[in-house]
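> Based on these hints, arrange chains B and C on the given structure of chain A.
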Amino acid sequence: MTADKKLEKLKNAKKIGESRSPMQDAMREFRRSKIAVGGMIVVVFVAILAIFAPVFSPYGFEVQNLRNNRAKPMEGYDITETYAEEKCHWYETPLEWGCTVFIAGSDALGRDLFSRIVYGTRVSLAVALAAASVSLMIGLIYGTVSGYAGGNVDNLMMRLVDFLYAIPLLPIIILMTVYFNAVSRQGSESPLMIWLIGLDKAAGGLLFVFIAIGALNWLGMARLARGQVLSYKEKEFVEAARALGAENGHIIFKHLIPNVLGPLLIAESMAIPGYIFLEAVLSFIGLGVTPPTPSWGAMINEGYSGLRSNPHLVLFPGFALSTLTLAFNFMGDGLRDAFDTRLRGRN
Amino acid sequence: MTKYIIRRLLMAIPVIFLMILATFVLVQAMPGGPFDAVGQKSMPEHIRILLERRYGLDKPLYEQFFRYLGNLLQGDLGPLFRQPSSSVNDIVAQTFPVSIQLGLMSVMVGFILGIPLGIIAALNHNTILDYVTTFLAVISVSVPTLVLGPILIYTFGVKLDLLPIAFWGADPPFTLGFLPPLTSTFFRHAAMPVFSIGTGMAAGIARLTRAGLLDVLSADYVRTARAKGLQERVVIVTHALKNSLIPVVTILGPLLAGAVTGSFITEQIFALNGMGRRFVNSIGQREYFLQTSLVLVYGLLLISGNLLVDVLYAWLDPRIRYD
Amino acid sequence: MTTTPLIRVENLTKHFPITRGIIVQKEVGAVQAVDDISFEIIQGETLGLVGESGCGKSTTGRTLLQLHKPTSGKVFYKDIELSTASNAVMREMRRNIQIIFQDPYASLNPRMTVGSIVAEPLEIHNIGTAAERQERVKELLELVSLNPHFINRYPHEFSGGQRQRIGVARALALQPDFIVCDEPISALDVSIQAQVVNLLEELQEEFGLTYLFIAHDLSMVRHISDRVAVMYLGKIVELAARDELYENPLHPYTQALLSAVPIPDPVLERKRKRVILEGDVPSPANPPSGCRFHTRCPIAEAVCKEEHPEWREAVEGHWVACHLAK
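Residue numbers (my numbering), protein chains in the order written: chain A, 87 to 433; chain B, -16 to 306; chain C, 144 to 469.
So here's chain A without its partners, still in its complex pose (with noise of 0.2 Å):
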């Protein structure tokens, strides 16, 4: 094609049938902010990183060798051929050095820290994501129910809300999961509670981390939901549906989530650090996942008592936390700036 004819066909397509939606809008605006995209980048990376974690460590997260126990970092390995050959994922491969150096060193057990370290972005992101939609679900249901339905519905249901924030959740959060690990551990026959421990299994003993931190964090997403709900409902295309005969289910799968959804994920997106830290709070007093289940903050736990002699225990958790957060919060602004028009051209 030749240069003329490219421009030709742009200027057609430009002029007629081509548009931008809002949400196209908004992605230019958010691929304007270097520092937005640099942690977006960042976070996929760590996605990828937990999605072929055995391809980025070299030994497994379980792997002891307490012959080696609290090895410094690039401290040499003193191990045989064989059990390199039948416990290493890099062996005979380019970066075959990494089975024979602790690249972050080992702790009290002599597990290889690097590789746990990789492994934990796993629990980090599994606990982003599934608190995040956890939230994000209960949130947007119960604003939305609240805030259409109206009246004294709305008012009970805001009241509940205003309840659970009035008390210290956290404590009475902590309390739940030391009752349910308990219960777990003795086993049960209530069939809600086998169920429960079966689901708890499945996720790798984070369930409850799951269902605490979103128990902890719709209340939010609610009152968000409900006002935008409010806003909407008033709108005069919602009455322009109604005159055109559309049900209830059509105004809010049609109308109302599609306004509401956009403000509520960049909440989200902005809430995710915060799932994370708790996620390591909670794993740090002992709550979260089960061992050897690598967590960072269980991690920082288990070298906290060592600190003097061994900080980078502590330090490399610490830091690939750090880290994540930084990327989300970045990633979270710059999507906020973006959707946020009232902002728009301000920078």
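Simulated from the structure, these hints should not be mistaken for lab results.
Here the structure is a predicted model, which is why all the values come from computation and not from measurement.
Hints should not be assumed to be uniformly reliable.
In silico DSS-like pairs for lysine-lysine, Cα to Cα no more than 27 Å straight-line [what the hints assert, rightly or not]: (1) K169/C x K212/C; (2) K416/C x K469/C; (3) K287/A x K173/A; (4) K173/A x K158/A; (5) K42/B x K24/B; (6) K(-14)/B x K225/B; (7) K212/C x K340/A; (8) K212/C x K319/A; (9) K319/A x K169/C; (10) K448/C x K414/C; (11) K225/B x K211/B; (12) K158/A x K142/B; (13) K169/C x K(-14)/B; (14) K340/A x K281/C; (15) K469/C x K448/C; (16) K340/A x K319/A.
Residues from chain A that face chain C, not an exhaustive set, calculated with beta carbons under 8 Å [said to hold, decoys possible]: (17) G284; (18) D286; (19) K321; (20) E325; (21) R328; (22) L330; (23) G331; (24) H336; (25) H341; (26) N345; (27) P349.
Here a beta-carbon is modelled for each residue, glycine too, at the ideal position from N, C-alpha and C.
Positioned in the frame of chain A, the structure of chains B and C alone reads:
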């Protein structure tokens, strides 16, 4: 206003009641009891029954609950099973001032650092100063207490050997129950725990102050103030600042809740004898009264904190009327 | 023109409750937005409805369409009573009665393309296949003088006048015979207003539409209406054929409104006597006793304060609610 505060306090009563009820039922529902074992061995049956009877644990749950409520009204938070010589009241008396001092000082640090930084960033909008401040703020928000605490300990405690790495520098009794002694030992001990919570808060506050002030600075009434020839300093201090702080006040509620979360971790990391550490350490035990009472104390703190925020809010924003 | 009424409104009343309470809300009062009004709209005519903002004219339009449930009173379309119709019947009825809104920005969902906005009525009533709907949408866009190629564009890419045309196309999709035009031109530039009004007139001629045209601007109502009703604080105070009303206004409120319209003739304009109304419109939550207008009426007497004026036919076809009008 007084009427509003009284009404809020009355509305808090059912909230507190339900909260205590839920917690009490939850801790009692945990498998096992407080007297199942002595050390590694299991407790002889007849002694266990005797002990349970002594604390009224053999009674039906509702009876235990109402007895606990009755005792609460008389200011008795209940017994401790592990240390029969002291009670939950003693524990709270020891740990509550420490947590309060830690929390209040952190919030203070948050405001003292955060507001000026936010103002500087907003007044130098889109300059290097703004970018650096904003960038630092995002970084501080991203480094949780869990990570910042160990980093501070390693740097200032271990490497530089400047500050003590554990324990609170003062013990009860305190002046007025919570005012700490203004000694250098106290501040040296408090520095790292307070900063490990406070910097994150400062960063959040700085970001909000900046956004709020930028919003206000582009408002018409500020433009009018400038147009009529007021000095820039007067414009900012009398017209812009108070209004820009309104959104900052709204964060106080979440901030206080965050101070609770932060104290769970910070007290653990710095081995402070506060409520958070006491609570976390009790989770493996069946200390029914300690756990319920600590949740109650946290609840009271949260409720009074939220009330304080609302009162402040009404003071800052005269459009809000509570009648 | 036939004289069969297409729409009949009898003693229509709409009160919005004012509630208070923390958990269960109690009703502590009501905003009497529309209070006991009756009128008819004849097939093929345009009835203008004018009044100040807040007088209840939009509420009248929406209650008529059952977008608000009336507090009491009846609305008939032909012989079908809408106010008590079942949901299924009402859904069918909505194909006949439609509405065009004031704000062309708020009345179009920003997340939907023009095509899906105009196709929405067809989808709701399950009319045609996707391809047929697409064809119909293009026809409708052409009908309101919009380029059918715009079908995939979003509302924010259009001007106010174009957006209002999209709203008109949506209202026409189900081929209604009655349309409530709720201040369709108030939010538009003066230069665009005439275009939209002309479009509405052309469509009326082509499809034999009947309009309830709500406005606060007397001159535009005069241009488009066959008959005009004047509202004040939830009540219709006067209703007459257009020329009769403008030349021979009986109610002092109508007289005051008309005296405020400038006359495009400098000689007459200089002689124009303006009736200036004192005070503000009272709150519809607590309307004055007797005639609602007595607090501001330049000729009010004692009787006005005590008794509701009767809604009577002063001259043939000229209705008024005033104790003192002849």
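> Does each hint fit the structure? Answer for all of them.
Hints, one by one, checked against the model:
{"no.": "1", "hint": "K169/C x K212/C", "verdict": "19 Å, holds"}
{"no.": "2", "hint": "K416/C x K469/C", "verdict": "21 Å, holds"}
{"no.": "3", "hint": "K287/A x K173/A", "verdict": "25 Å, holds"}
{"no.": "4", "hint": "K173/A x K158/A", "verdict": "20 Å, holds"}
{"no.": "5", "hint": "K42/B x K24/B", "verdict": "26 Å, holds"}
{"no.": "6", "hint": "K(-14)/B x K225/B", "verdict": "26 Å, holds"}
{"no.": "7", "hint": "K212/C x K340/A", "verdict": "23 Å, holds"}
{"no.": "8", "hint": "K212/C x K319/A", "verdict": "16 Å, holds"}
{"no.": "9", "hint": "K319/A x K169/C", "verdict": "23 Å, holds"}
{"no.": "10", "hint": "K448/C x K414/C", "verdict": "33 Å, violated"}
{"no.": "11", "hint": "K225/B x K211/B", "verdict": "20 Å, holds"}
{"no.": "12", "hint": "K158/A x K142/B", "verdict": "17 Å, holds"}
{"no.": "13", "hint": "K169/C x K(-14)/B", "verdict": "21 Å, holds"}
{"no.": "14", "hint": "K340/A x K281/C", "verdict": "22 Å, holds"}
{"no.": "15", "hint": "K469/C x K448/C", "verdict": "19 Å, holds"}
{"no.": "16", "hint": "K340/A x K319/A", "verdict": "12 Å, holds"}
{"no.": "17", "hint": "G284", "verdict": "39 Å, violated"}
{"no.": "18", "hint": "D286", "verdict": "37 Å, violated"}
{"no.": "19", "hint": "K321", "verdict": "5 Å, holds"}
{"no.": "20", "hint": "E325", "verdict": "6 Å, holds"}
{"no.": "21", "hint": "R328", "verdict": "6 Å, holds"}
{"no.": "22", "hint": "L330", "verdict": "5 Å, holds"}
{"no.": "23", "hint": "G331", "verdict": "4 Å, holds"}
{"no.": "24", "hint": "H336", "verdict": "6 Å, holds"}
{"no.": "25", "hint": "H341", "verdict": "6 Å, holds"}
{"no.": "26", "hint": "N345", "verdict": "6 Å, holds"}
{"no.": "27", "hint": "P349", "verdict": "12 Å, violated"}
Comparing the model with each earlier hint shows violations of hints 10, 17, 18 and 27; every other hint is respected.
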